[in-house]
Amino acid sequence: MPAMMKNYYKKMPGDRKDGWKLRNVPLFFTVVPFIMRTRLDSQNYYEETLDVEPMMEFLKTHKDDMPNISMMTIFVAAMVRMISQRPALNRFVVHNKLYAHNSIEISIAIKRSMSDDGEETMIKPSFDPRDTLMDVQRRLEEAIDEAMNHEEGTGIDSVAGFLGKLPAWLFRFAVSIIHFLDNNGWLPEKLTQASPWHCSAMYTNVGSLGIGPIYHHLTELGTYSTFIAMGKRERHTVYDENGGATVRRTVGMKIVNDERICDGYYYANSMRMLRRLLMNPNLLLEPPKHVVLDPAVANPLINDPNAGVEAADSEHHGAEAALVD
Numbered sequence: 004m005p006a007m008m009k010n011y012y013k014k015m016p017g018d019r020k021d022g023w024k025l026r027n028v029p030l031f032f033t034v035v036p037f038i039m040r041t042r043l044d045s046q047n048y049y050e051e052t053l054d055v056e057p058m059m060e061f062l063k064t065h066k067d068d069m070p071n072i073s074m075m076t077i078f079v080a081a082m083v084r085m086i087s088q089r090p091a092l093n094r095f096v097v098h099n100k101l102y103a104h105n106s107i108e109i110s111i112a113i114k115r116s117m118s119d120d121g122e123e124t125m126i127k128p129s130f131d132p133r134d135t136l137m138d139v140q141r142r143l144e145e146a147i148d149e150a151m152n153h154e155e156g157t158g159i160d161s162v163a164g165f166l167g168k169l170p171a172w173l174f175r176f177a178v179s180i181i182h183f184l185d186n187n188g189w190l191p192e193k194l195t196q197a198s199p200w201h202c203s204a205m206y207t208n209v210g211s212l213g214i215g216p217i218y219h220h221l222t223e224l225g226t227y228s229t230f231i232a233m234g235k236r237e238r239h240t241v242y243d244e245n246g247g248a249t250v251r252r253t254v255g256m257k258i259v260n261d262e263r264i265c266d267g268y269y270y271a272n273s274m275r276m277l278r279r280l281l282m283n284p285n286l287l288l289e290p291p292k293h294v295v296l297d298p299a300v301a302n303p304l305i306n307d308p309n310a311g312v313e314a315a316d317s318e319h320h321g322a323e324a325a326l327v328d
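Numbers in my numbering are just positions in the sequence shown, counted from 1, shifted up by 3.
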């Protein structure tokens, strides 16, 4: 059984409970967090209109053997696969320092009932870099069931419920302490596990509310560097090279990203990979042939996730790499 991501590397001084300090990055990425000190300073905005006809055909083909698979499942599975092959997207900046997450966790907002006063909560399932589409579906179902079936809610509901009862001045002081502890890597693991902001990425499907995608800001508290919003399904007229018109089903996607974690070339190729995974869901039915490790992590490798796997000559070989060519 492959080792958990957290056990890939030996822990070294300067590492956090939720990530490894990056010690092998170009000077630019060491300097930039001191110039652009917050995530609000560093937000990039990207949007894409996806042709989802291939995705809809995939769902139709597999409606009997995969009845619970949805567009959201495919989106989340594509995000997990992208991170497993493009690990710089799993980095984060805290207190001017760059780290790599030692897990893949995606926070997702859900409503317990679809009404104006329906209670909203967050789930944060943890994924393995080798997860397939069905693995992702299973983990999502487990997290959603836990959130929906427990009256006390998720961990963040309990923490928010406690803090919300404090007087305003004490609430502000408590949040200041949380920021201080988080900046220094001292925040208790129970709090980071409960926090929806301590994750690899955040995802919301506002299309389920009947609207198009939104640009959702990042927050300074937490460790996520990417926020992806998926909008409602629409129909657009598409013209081919000969001027012929075709009506296609599409979905808008808007992404806000912290530009301090990787350069524009790497990010653009990662977005191309995400797009092609979403347009080819069959690629998510099998695990990746190779888990790509972040070369900026200089810690001694003690549990190689690719041990016993016939590795490609480089990360640019194989089906996954072809997605960014």
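No lab work stands behind these hints: they were computed from the structure. It is possible that some hints are incorrect.
Straight-line C-alpha distance at most 16 angstroms; calculated EDC-like pairs for lysine to aspartate or glutamate [said to hold, decoys possible]:
| hint | residue 1 | residue 2 |
| --- | --- | --- |
| 1 | K292 | D307 |
| 2 | K100 | E50 |
| 3 | K292 | E50 |
| 4 | K235 | E50 |
| 5 | K24 | D243 |
| 6 | K257 | D68 |
| 7 | K100 | E223 |
| 8 | K235 | D18 |
| 9 | K257 | D54 |
| 10 | K13 | E223 |
| 11 | K114 | D138 |
| 12 | K114 | D67 |
| 13 | K257 | D18 |
Small disclaimer: the values here were computed from a predicted structure and weren't measured.
Mind listing which of the numbered hints don't hold for this structure, in increasing order?
Going through the list in order, the structure violates hints 2, 3, 5, 6, 8, 10, 11, 12, 13 and respects the others.
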